Amino acid sequence: MSTRLKLAVAVMVVGGAVVAAVLVARGDASRDHATLSNAGGPAIGIRGLRLKAAPIREGHVLAVRHGRTFYRLNTVSGDPCFGVGFAGDAGSPGSVDCPRGGFPSGGSPVLDFSVYEGTRHDVRELSLFRIEGFAADGVAAVQFFRPNGAVALTVPVSGNVYSAASVPKGPIAGFAALDKDGKRVWRSP
Amino acid sequence: MLERMTRILFCVIACACVAAVVALAQPSSASAGWCWPNCSSYALLGPSTSTYTGCWYANGEVCSYYNNWFNVGMAKTCHPGCDWNYNTTGVVLYGFENHDRIRGRFTSKAANTVYLQPAELSMSGMLRAQVTWYGGPASQVNAGAIG
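Here the protein sequences line up with chains S and A, keeping their order.
The first sequence begins at 1 in my numbering and counts up one residue at a time.
The second sequence begins at 1 in my numbering and counts up one residue at a time.
To be clear, the hints were calculated from the coordinates, so they are not data collected in a lab.
Bear in mind that the values here come from a model prediction, so they are computed numbers and not experimental data.
We treat Cβ as the ideally placed atom computed from N, Cα and C, and that holds for glycine.
Among these hints, one or two may not hold up.
[To be verified] Which stretches of chain A does chain S cover? Using the computed rule of at least three CB atoms under 8 Å from a CB of chain S, they are:
1) 35-46
2) 75-89
3) 92-103
4) 115-128
[Unchecked claim] Pairwise CB distance ranges (calculated):
5) A/N38 / S/D89: 31 to 37 Å
6) A/A43 / S/G41: 37 to 43 Å
7) S/A39 / A/N98: 37 to 43 Å
8) A/N98 / S/G170: 18 to 24 Å
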């Protein structure tokens with residue numbers, strides 16, 4: 001390969017990288033929906049978890065809503081986790097999710113901890129039992145919808161956390177993240 | 001030569017990732033428990049999968065025997081594919097069930113580990129731990145529960 005050709009290839013690679021970086025940096029997804037500005041309160045001890053190879057000893061309370069505590073956790077090896085639990089049992093999350101690659105990211109602005117319930121064996125139709133979860137900066141509300149696409153409930157996000165005091169009856173087919181203008185910026189599969 | 005070495009390196013990294021996720025998904029070895037398909041590997045959970053043990057759904061679900069479970073844990077791979085954020089299109093429900101109802105949380109994320117205690121679902125007593133296919137292609141999962 002001649003020196004001129006090598007130089008041309010190098011210029012193309014560097015140029016492509018610069019263009020890609022600019023496009024990524026300008027994207028709303030990377031800027032608004034990939035951060036969680038609520039760092040929570042001071043570190044507290046975490047107990048009651050029996051997680052092999054993913055021990056969690058400390059965490060931060062992000063919020064307490066409707067009798068539920070929302071935790072930002074770290075394994076002893078530094079991997080990020082999130083958890084929820086009853087507010088009356090502080091420091092003892094009953095549910096933990098350790099998303100690989102962390103949370104949030106541009107393609108995953110919502111970490112839903114809602115509980116679903118089914119009472120029929122013949123159809124796979126689930127309704128909400130509890131609504132709660134975490135949302136990235138820039139997500140103003142989480143909207144749950146019916147199988148026909150109708151909106152069942154819209155829950156506001158505050159401090160990167162959402163929670164509802166009550167749940168709507170009937171089947172739920174998914175949920176979506178809304179920005180402050182009410183525009184859907186992401187939806188669950 | 002370089003291409004061969006790169007291929008070997010990718011293979012080693014992939015094996016290490018699978019081993020790490022399987023290890024993370026396992027419940028504490030100090031307790032008796034249930035694992036599916038076993039305590040060291042993954043299997044496909046699709047619309048026709050069943051453990052034929054009387055689960056809530058006759059198909060598309062694997063479940064444990066009745067027990068006073070402490071928690072259920074699950075890990076899911078990228079099968080059949082995932083994006084850069086480890087999102088897949090295979091949706092599963094994980095949680096518990098009894099004779100009256102099935103409850104749980106959804107996930108479609110790959111390579112993450114999730115844990116859930118029965119009290120989080122306002123359930124207690126003798127329960128079955130369950131993982132259920134809910135939508136999309138079959139998911140490759142490893143599930144476990146400890147008592």
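Hints and how they fare:
| no. | hint | in the structure |
| --- | --- | --- |
| 1 | 35-46 | violated (count 0) |
| 2 | 75-89 | holds (count 7) |
| 3 | 92-103 | holds (count 6) |
| 4 | 115-128 | holds (count 7) |
| 5 | A/N38 / S/D89: 31 to 37 Å | 33 Å, holds |
| 6 | A/A43 / S/G41: 37 to 43 Å | 41 Å, holds |
| 7 | S/A39 / A/N98: 37 to 43 Å | 39 Å, holds |
| 8 | A/N98 / S/G170: 18 to 24 Å | 22 Å, holds |
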